[in-house]
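**Q** Sequence:
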Amino acid sequence: MLRLTSVCVFLFSALSVSVDSGYSFGAVGLLLSSACLSWKRPRLGLQRQDWTLIAVLLAYFSVLVANMAYHGDPGREFDMPLRALLVVPVLLLLLAYPPRPAAWWGGVAVGAIAGAALALWQFTMQDMVRPQGSTSNAIHYGNVSMLLGMLSLAGLEWARTQRRALAWCALLLAGCLAGVFGSILSGSRGGWIALPVCVLIIAMHNARAHGKRYLVITLSTMALLMVTAYYVPHSPIRERAAMAVTEVEKMNDPANATTSIGQRFEAWHTALLLSTEHPLLGIGRNGYLDEKKQWVREGKMGPDTSEATNAHNDYLDVLVKRGVIGLLALFGLFLLPLYLFGRALRHGAATAHPYALGGVVLCVCYIIFGMTTSSLTLNIGIIMLVFPMAMQWALLRHAQRGA
1 MLRLTSVCVF LFSALSVSVD SGYSFGAVGL LLSSACLSWK RPRLGLQRQD
51 WTLIAVLLAY FSVLVANMAY HGDPGREFDM PLRALLVVPV LLLLLAYPPR
101 PAAWWGGVAV GAIAGAALAL WQFTMQDMVR PQGSTSNAIH YGNVSMLLGM
151 LSLAGLEWAR TQRRALAWCA LLLAGCLAGV FGSILSGSRG GWIALPVCVL
201 IIAMHNARAH GKRYLVITLS TMALLMVTAY YVPHSPIRER AAMAVTEVEK
251 MNDPANATTS IGQRFEAWHT ALLLSTEHPL LGIGRNGYLD EKKQWVREGK
301 MGPDTSEATN AHNDYLDVLV KRGVIGLLAL FGLFLLPLYL FGRALRHGAA
351 TAHPYALGGV VLCVCYIIFG MTTSSLTLNI GIIMLVFPMA MQWALLRHAQ
401 RGA
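1 is the number of the first residue of the sequence shown in our numbering; add one for each residue after it.
To be clear, the hints were calculated from the coordinates, so they are not data collected in a lab. For clarity, every value in this text was computed on a predicted model and none was experimentally measured. Among these hints, one or two may not hold up.
[Unchecked claim] Derived Cβ-Cβ restraints for the label pairs, each shown as a range:
1. 213 <-> 332: 33 to 41 Å
2. 127 <-> 212: 24 to 32 Å
3. 173 <-> 85: 35 to 43 Å
4. 223 <-> 162: 41 to 49 Å
5. 219 <-> 279: 37 to 45 Å
6. 213 <-> 269: 26 to 34 Å
Cβ atoms here follow ideal geometry from the backbone N, Cα and C, with glycine treated the same way.
Full structure from sequences and hints, please.
**A** What follows is the structure in structure tokens.
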């Protein structure tokens with residue numbers, strides 16, 4: 001069983017953005033394998049923090065599904081929160097039969113490299129202005145690519161302790177660079193914000209062991225690389241940044257509502273205003289779309305923005321559709337796991353630190369991604385949050401038990 005969970009964990013990340021729905025191979029494999037818990041009945045030894053994580057996942061599922069049923073939303077809306085329920089037996093399986101750490105870190109690095117290779121091929125051979133890997137949208141590819149890159153960077157602490165430390169460090173460093181490169185190539189500006197934040201978190205953690213000089217060197221290197229990436233010829237960063245500045249400067253121009261930033265601001269403004277009508281439970285998906293159509297007829301918003309089924313922001317989207325109660329469930333999904341991983345990073349065994357750091361990076365990335373897009377309304381968005389959360393938590397708990 002340990003070999004099976006390791007293979008599934010590796011495939012989950014390794015195929016995530018280079019094969020259509022590639023993350024499903026590992027996820028489905030783990031879900032089907034969790035059925036063995038019904039007859040093997042392994043001793044799990046669950047502790048309070050395990051129950052806390054399980055409760056967070058179940059609460060998110062229960063609150064959103066109850067709200068969707070209350071508003072009579074379409075059945076397909078139930079698919080996304082259902083992932084939070086389905087990952088619970090997977091978490092129990094991984095706690096009972098934890099995968100090999102090499103399967104997790106190797107899959108993360110390979111996934112970032114494979115995704116970047118596909119994106120580069122799309123950019124150079126298919127003349128795709130904004131490559132999207134195997135996903136349906138450049139934004140979501142760019143965000144997942146950045147996530148894989150930052151997780152690879154977090155894994156360097158684990159790599160340095162391995163027998164083949166040089167090879168593992170080289171692979172994970174390549175995964176980090178590939179993940180960042182893929183995100184830059186996609187032109188997904190919102191995901192770029194996660195880069196300095198995650199690097200700072202990782203550098204501050206490592207500075208505890210290596211001194212402040214390590215922090216200064218790391219941040220200086222990051223600044224140098226960012227400046228270089230900005231000034232290289234035909235830099236996607238410079239082009240997208242210039243476009244963003246131009247769009248912001250024209251915010252008072254009604255025609256700007258057709259641009260990327262203009263549509264986002266209009267979507268955020270609309271969601272915020274609509275959320276005041278029913279602040280506790282929201283207005284549901286159908287109510288949100290109906291209200292936007294009414295606003296278009298009244299000339300209060302442009303037709304381009306009204307076609308989107310979400311608010312381009314996880315927090316405003318759940319607030320307008322699910323109300324304050326739904327927003328609290330979302331905060332719980334982000335912040336309670338962040339607290340659990342953060343506490344393990346500060347006070348846990350050293351062998352558990354890489355997984356705790358990876359968990360912090362995962363939560364921070366999604367907190368940032370959610371500011372500029374609705375990640376959790378798509379399959380890849382919710383799956384790439386809850387499954388890696390379960391995988392890293394299981395590895396963390398295994399490391400704690402072995403310490």
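**Q** Taking the numbered hints from earlier one at a time, note which ones the structure violates and give those numbers from smallest to largest.
**A** Violated hints (numbers, rising): 2, 4, 6; every other hint is consistent with the structure.
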